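Work out the full structure: start from the sequences and follow the hints.
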Amino acid sequence: MNINRRQFIKYSAAAFAMLLLDKGPALAAPDQGVERWVKGVCRYCGTGCGVMVGVRDNKVVMVKGDPNNHNRGMLCLKGALLPSVVHAPDRLTQPLIRKEGKLTPASWDEALDLTAAKFKEAMAQFGAQSVGFYGSGQNLTEESYLANKIFKGGLKCNNVDGNPRLCMASAVGGYVTTFGKDEPFGSYEDLDAATCFFIIGSNTSECHPVLFRRIAARKQNDKNVRVIVVDPRVTNTARIADMHLAIRPGTDLALLNAMAHIILNEELDEPRFHSKYAAFKAVEDGKPVDKTFEDYRAFLAEYTPEKAAEITGIPAAAIVKAAQLFASSSATMSLWCMGLNQRVRGVWANNLVHNLHLLTGKLGRPGSTSFSLTGQPNACGGVRDTGSLAHLLPAGRVVANKDHRNQMEALWGLPPDSLHPDPGLFATALFGALGEKVKALLVLCTNPAQSLPNVKKYTQNLRHPGKFMAVIEAFGDAETLKYADVVFPAAFWCEREGVYGCSERRYSLLEKAIDPPGQARPSVNILVDLATRMGVDPKFVPFKNSAEVWDEWRTVSASSAYNFKGMTRERLRKTSGLLWPCPTEDHPGTKIRYVRGEDPNVPADHPDKYFFYGNPNGRATIWLRPHKPAAEEPDAEYPLVMTTGRVIDQWHTGTMTNKVPEIRAAFPNAYVEINVEDAKRLNINNGDSVLVETRRGKLTLPARVGEVCRPGLIFTPFFDAKKLVNELTVDAIDDISKQPEFKICAARIARA
Amino acid sequence: MTVLRNKWILIPAVVLVLLGSYFLFLNTAFTGTRCEGARVKHGQVPEDQSDCYTCHKKTTPKAAQDWYESKHGMILVKCYVCHGQPDGKGAVPFTATPSVATVCQRCHAPAIDLMQSKFGVRDQCETCHMFHTSSLHHGAYGKSESKEKFE
Amino acid sequence: MAIASFVLQMEPGRGAEAAAALSRVPGLTLEFSGEQNLVAVVERASAELPQVESGLKEVPGVLCVITAYLNIEDELEAAGSC
Ligand code: SF4
Chain A
1 MNINRRQFIK YSAAAFAMLL LDKGPALAAP DQGVERWVKG VCRYCGTGCG
51 VMVGVRDNKV VMVKGDPNNH NRGMLCLKGA LLPSVVHAPD RLTQPLIRKE
101 GKLTPASWDE ALDLTAAKFK EAMAQFGAQS VGFYGSGQNL TEESYLANKI
151 FKGGLKCNNV DGNPRLCMAS AVGGYVTTFG KDEPFGSYED LDAATCFFII
201 GSNTSECHPV LFRRIAARKQ NDKNVRVIVV DPRVTNTARI ADMHLAIRPG
251 TDLALLNAMA HIILNEELDE PRFHSKYAAF KAVEDGKPVD KTFEDYRAFL
301 AEYTPEKAAE ITGIPAAAIV KAAQLFASSS ATMSLWCMGL NQRVRGVWAN
351 NLVHNLHLLT GKLGRPGSTS FSLTGQPNAC GGVRDTGSLA HLLPAGRVVA
401 NKDHRNQMEA LWGLPPDSLH PDPGLFATAL FGALGEKVKA LLVLCTNPAQ
451 SLPNVKKYTQ NLRHPGKFMA VIEAFGDAET LKYADVVFPA AFWCEREGVY
501 GCSERRYSLL EKAIDPPGQA RPSVNILVDL ATRMGVDPKF VPFKNSAEVW
551 DEWRTVSASS AYNFKGMTRE RLRKTSGLLW PCPTEDHPGT KIRYVRGEDP
601 NVPADHPDKY FFYGNPNGRA TIWLRPHKPA AEEPDAEYPL VMTTGRVIDQ
651 WHTGTMTNKV PEIRAAFPNA YVEINVEDAK RLNINNGDSV LVETRRGKLT
701 LPARVGEVCR PGLIFTPFFD AKKLVNELTV DAIDDISKQP EFKICAARIA
751 RA
Chain B
1 MTVLRNKWIL IPAVVLVLLG SYFLFLNTAF TGTRCEGARV KHGQVPEDQS
51 DCYTCHKKTT PKAAQDWYES KHGMILVKCY VCHGQPDGKG AVPFTATPSV
101 ATVCQRCHAP AIDLMQSKFG VRDQCETCHM FHTSSLHHGA YGKSESKEKF
151 E
Chain C
1 MAIASFVLQM EPGRGAEAAA ALSRVPGLTL EFSGEQNLVA VVERASAELP
51 QVESGLKEVP GVLCVITAYL NIEDELEAAG SC
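Chains as they are written, first to last, in the working numbering: chain A, 1 to 752; chain B, 1 to 151; chain C, 1 to 82.
Careful: at least some of the hints might be erroneous.
Claimed, not checked - Within a straight-line C-alpha distance of at most 30 Å, the following computed DSS-like cross-link-like pairs (lysine-lysine) qualify:
hint : chain 1 : residue 1 : chain 2 : residue 2
1    : B       : K118      : A       : K223
2    : A       : K591      : B       : K71
3    : B       : K71       : A       : K223
4    : B       : K57       : C       : K57
5    : B       : K78       : C       : K57
6    : A       : K181      : A       : K628
7    : A       : K544      : A       : K512
8    : C       : K57       : B       : K118
9    : B       : K57       : A       : K722
10   : B       : K78       : A       : K722
11   : B       : K57       : A       : K680
12   : B       : K71       : C       : K57
13   : A       : K291      : A       : K307
14   : A       : K287      : A       : K402
15   : A       : K539      : A       : K156
16   : A       : K591      : A       : K574
17   : A       : K680      : B       : K58
18   : A       : K223      : B       : K89
19   : B       : K89       : A       : K512
20   : A       : K544      : A       : K565
21   : A       : K628      : A       : K609
22   : B       : K89       : A       : K722
23   : B       : K89       : C       : K57
24   : A       : K722      : A       : K99
25   : A       : K609      : A       : K181
26   : A       : K102      : A       : K456
27   : A       : K321      : B       : K71
28   : C       : K57       : B       : K62
29   : A       : K482      : A       : K722
30   : A       : K698      : A       : K680
31   : A       : K482      : B       : K71
32   : C       : K57       : A       : K102
33   : A       : K628      : A       : K321
None of these hints come from the bench; they were simulated from the model. Since we're looking at a predicted model, the values are computed, not measured.
Set out below in C-alpha cells:
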C-alpha cells in the first residue's frame, strides 16, 4: 500500500474522531460503587470547602464538593484528590516508643503510661511550666479546646501554643487591635458583591483556589470589577489582575500608608464614617495614646506617592491609581494572607489594611470588608476561637487579664485565681526552651521539625537528651517523628467526628465516615486518657467523645461575643456549616459583624448603625504605624531576598499531599524560582542546580528561571522534606504577635 | 464505517492498545518528521519537568494552550486531576476523556443534576461544554458560541 | 500545514443541509456522516485552524463542535515527505 505520512495522519484523525462518537451513557455510570455519602470538610486549607465523602466497604473511594456549603460543590485539585491520603500505606496503626534510638511498637497502655510518667516527673521536679503542648490549626475544635483546658485549667500550665502562631497570629493581632475582637468582619458572600478586590500578600489562586475561582467568576460576571494584586511575584493570581504591583518585599507598610495619604489627599475618604466610628491612636513609649484626624493627616504627610515609589519600587502613578480604585469603587474587599502576616511588622501591616477600610467606610456592607485568609482548615475555629495559644483563653480572653482568668475559672469550675497568671511560651520560644526550661512536650497533628523557621536551631532542642516529646500523628513519615520519644497513632480526618471552623467564621461538622486503621484512636480520647493518667481530675475532663466536648465549648462560648450556643450538634449535622455569632437554635448565623440588625451582639435599638463592642469606646481604631523594613534586608554579602510559600499541588509540609500518587508524580520536588535578569547575570539556566545560601544554611535546588519573581527576589516552596527550606529562613518575630518573618530573608545564589 | 460506528462495543482496552500502537507507529515510521516533544515518552521525563504541562506545551500545543486559557487552566485544575497519570498507578484513571461519574462529578455534581433534569441524560459533558476551550474571559476563542447562536 | 479532525453534532434532521454547506469549506473532507454526527478532517495552515473551528460552529444545522485530533506540523511540507 502506498501511503505517506500525511495521508496516514488524515486517516488517523478521522478514525480518532469516530472513536469519540456514540459513547455509552457515561452519566449513568455508577460512582465507583459509593454506598453512602457522608458530609465533611476538606482536610487542607483555610478555605474550608464542604465535601461529601463517598464510602464503600469502610473505605473512602471518592470525594465530591458539598453543594450546600459555601463552595457550592466546587473543590480544588487537592480536595478532589483527597481519598488517596486516607488509605496511604504509611499510616500509623499502633503506638510507638523510642527504644535504643528506634521507634518500636508498643501497647497503648505502655505508651500512655510512659508519657504520663514523664510529664508528671517533669512537673514534680521543675514545676507546671516545665511541660507544654504544641497544637495545630488542623486539629478539630474539640481537640484544641480540650488540650487547652487540660493544660491551662488542669495542669495550670500556659505553655499551650500551636502552628497558628506561625501563620495567623498577626491577623489576630490586627483584628483585635483595630476592631477589638478577633476574626473577620464579613464573610465569603462579600466575594460575590465586591466591585474591587485588593489582594495583598496572598497567592489566592494557589493557596485558596476555590475562593480564587469565586473571585474570577465575579470578575467574569461583571466587567466593572477590578482586581489589584500586590505581590513581589507575578503569581497565577495576577492572571486576573487589572493591576499587579510588584512590590519590593518588606515595604508593604509604606505602600499602605501612601495609599491612605492619597485617599485623604484626593478627598476620597468617608468622613461620615471615620469621624463617627473610628478613633485614631499611636503607640508612644510603649503605650497607646489618642490621636486626632489632623495628627493622622500630618503623620501621613511624608508618605507621598513619590517617596513610596522609592521605597516600594512601584511607580508612583500605579500607587495613586490603586488608591483611587480602592476608594472610589462601590464595594472594596481586601484579602491577605501570609504575605502580611509572616512579617516582623505583621500586626502593623494588618492594621494598615483595616485603616484603608475605616477611612473610606468600606466596611459592613455587602462586598465591603477587610478579610484575612487563613492557611489551615481549623486555625480560626479551632485555635483562635478556643484561645489555644500561649497568651489566650477561650473566646477572645487573654491570660494576662485577671477578669478573664476569673471568668474561665468560674466556667471551668475551678477555684478563683487558680489559673496561672502569666502567658506561656509561644511557638519558637517553646521549642527554643525544649530540653532546658521545658522538659516534656506533647505535639498534636503538626510537623514542627519541618515548619519552624530557622529550623536547624530548633532541631538542636528536639535532639536534646533532656527533653521528652510525645507526638499524636497519623502519618509515619512526618519529619517530626525523627525526634519523637512516643508516637500515638491518630484517627485521621473523616475517621472521627468533629468541627472545623474556616476563614469566614463558619463552623461545619466533619462526620465520621469510616473507622480508623489498626489501633489508631481519635485524639479526643487520647487526650482524655493522657490527662487522667497525668493526674487531672476525671471530672474535669468527663468526655467520652468529641460531641460532649463540643457541648461544653458551645456553652462556654455563650458568655462571650463569640456566642454560638445555637450551633447544636444536631443542627450542624443537618446544615453545611453556620457562621457565628449564632446565639440561639433558631438564629441563622451572622454574615456581617458589628452592624445593627446583622450582629446579635449589637442591640437592636442601638442608636448607631455600627458598634465596635470589642473596644471600650465603641469605635474601631485607625493606627498610626510608621514604615519599618524587614528584619534581614539584603546587603552586599547576601544581595537577594528569599521568600517561601506554597504551590497549589502540595500542602504545608507535604505529609498528606505526597500520599497522592498524582501529586507525587507531578510535583515531588522543591525548586528555586529566579528572575531571568538575575539568572543571566549569574549564568544560571533553567534546570541548573543552584546553591542557595543564607546566614543560616545552604541548600541545592533546581532552578526555575522566569519572570515570576521580581529581579532581586528568589522563591522556594517549603513542602519538600528532602530539602528543608526552613533551614534557611529567619526566625525574627513580630514583637506583638510573635509570628516569625518566614517571608523575607537575605540570600545569595550560585550555580552549584 | 459501520464497524467503526458501532465501536462502543469495543472495550476501552482495545482503544488504548490501538492508540498506543498508533503513536508507536507514528514515532517509528516517519522518523524524519516527528516533532521534538515526541521523543520524550511518558514515564521517562526528567524529574524537574514532570508537570504534564511542561512537555505538553511542546507536544500538544493546542490542547495545552486551550487548557491554559480555559477556566480550568485559570484556576489550576491541572491535567492529572482529570486525566490521571500515565503510569496508571494513580487514583484517577488515565484517559483522554474523563468519566463524568468519577471525575466531573467531584466538582460539578450540582450542575450535572441540573443539566440532567433539563435535558435528560446525555453522553458526555464535553459534547457541549468543551473542557479546554471554556474560557474565563468574554469573547475569548472557543467560548460556546454555537449555543448562543442557535437558541 | 496542520491536520485536524472535528466531530460536529447536528440538529436532528438537518444533517444533509449541513453536509452540503461543509463541502464548500476549502481543505475539508467529510469522512463520515451519521444521523446526529459528522466527522470532518481539515488540512489547513495551523494559524487558520481557530477560524475554521469557529466557522464550523456557524454552519447552519451544527449544534456544537469538538476538536478531536490535532496535528500541528508545519514542517510537513518543508520536509518533503508528503
Ligand atoms: S480550596 Fe482548600 S478547602 Fe477547598 S478543596 Fe481546595 S484545599 Fe480543600
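Hints, one by one, checked against the model:
About 29 Å separates the Cα atoms of K118 of chain B and K223 of chain A, which keeps this hinted pair within 30 Å; it holds. Distance check on the hinted pair: K591 of chain A and K71 of chain B sit about 29 Å apart at the alpha-carbon level, within 30 Å; holds. For the proposed pair K71 of chain B and K223 of chain A, the alpha carbon gap of about 16 Å is at most 30 Å, so the pair holds. With a C-alpha separation of about 26 Å, the suggested pair K57 of chain B and K57 of chain C falls inside the 30 Å cut-off, and the hint holds.
For the proposed pair K78 of chain B and K57 of chain C, the alpha carbon gap of about 27 Å is at most 30 Å, so the pair holds. For the hint pairing K181 of chain A with K628 of chain A, the CA-to-CA distance comes to about 25 Å; that is within 30 Å, so the pair holds. Proposed proximity of K544 of chain A and K512 of chain A is supported: the alpha carbons are some 15 Å apart, at most 30 Å. Distance hint between K57 of chain C and K118 of chain B is fulfilled; the C-alpha atoms sit about 23 Å from each other, no more than 30 Å.
Between K57 of chain B and K722 of chain A the CA atoms are separated by roughly 29 Å; this keeps the pair inside 30 Å, and the hint holds. Between K78 of chain B and K722 of chain A the CA atoms are separated by roughly 24 Å; this keeps the pair inside 30 Å, and the hint holds. Between K57 of chain B and K680 of chain A, the direct Cα distance comes to roughly 24 Å. Compliance with the 30 Å bound is thereby established for this hinted pair. Between K71 of chain B and K57 of chain C the CA atoms are separated by roughly 21 Å; this keeps the pair inside 30 Å, and the hint holds.
Distance hint between K291 of chain A and K307 of chain A is fulfilled; the C-alpha atoms sit about 24 Å from each other, no more than 30 Å. Restraint check for K287 of chain A and K402 of chain A: satisfied, since their Cα atoms lie roughly 20 Å apart, inside the 30 Å limit. About 16 Å separates the Cα atoms of K539 of chain A and K156 of chain A, which keeps this hinted pair within 30 Å; it holds. At most 30 Å may separate the alpha-carbon atoms for a hinted pair to count; K591 of chain A and K574 of chain A meet this at roughly 19 Å.
As the CA atoms of K680 of chain A and K58 of chain B are separated by approximately 24 Å, the hinted pair is consistent with the 30 Å bound. A threshold of 30 Å between alpha carbons decides the hint, and for K223 of chain A with K89 of chain B the separation of about 43 Å lies outside it, so the pair is violated. Distance check on the hinted pair: K89 of chain B and K512 of chain A sit about 28 Å apart at the alpha-carbon level, within 30 Å; holds. Restraint check for K544 of chain A and K565 of chain A: the C-alpha separation of about 20 Å stays at or below 30 Å, so the hint holds.
Of the pairs offered as hints, the one joining K628 of chain A and K609 of chain A is violated, with about 36 Å between alpha carbons and a cut-off of 30 Å exceeded. The suggested pairing of K89 of chain B with K722 of chain A holds, with an alpha-carbon distance near 23 Å, which does not exceed 30 Å. At most 30 Å may separate the alpha-carbon atoms for a hinted pair to count; K89 of chain B and K57 of chain C exceed this at roughly 39 Å. At roughly 25 Å between alpha-carbon atoms, K722 of chain A and K99 of chain A fall within 30 Å of each other, so this suggested pair holds.
Pair hint K609 of chain A plus K181 of chain A holds up; C-alpha atoms about 18 Å apart against a cutoff of 30 Å. Proximity of K102 of chain A to K456 of chain A is assessed by CA-CA distance (about 21 Å); at most 30 Å being required, the pair is judged to hold. Annotation: proposed proximity of K321 of chain A to K71 of chain B holds, straight-line Cα distance about 28 Å (limit 30 Å). For the hint linking K57 of chain C to K62 of chain B, the alpha-carbon distance of about 18 Å falls within 30 Å, and the restraint holds.
Among the hinted pairs, K482 of chain A with K722 of chain A is consistent with the structure: their alpha-carbon atoms are about 14 Å apart, no more than 30 Å. Simply put, K698 of chain A and K680 of chain A have alpha-carbon atoms about 21 Å apart, close enough for the 30 Å limit, and the pair holds. In summary, the hint linking K482 of chain A to K71 of chain B is not supported, as the alpha carbons are separated by about 42 Å, beyond the 30 Å threshold. Simply put, K57 of chain C and K102 of chain A have alpha-carbon atoms about 67 Å apart, too far for the 30 Å limit, and the pair is violated.
Among the hinted pairs, K628 of chain A with K321 of chain A is consistent with the structure: their alpha-carbon atoms are about 24 Å apart, no more than 30 Å.
Of the numbered hints given earlier, the model fails hints 18, 21, 23, 31, 32; all others are met.
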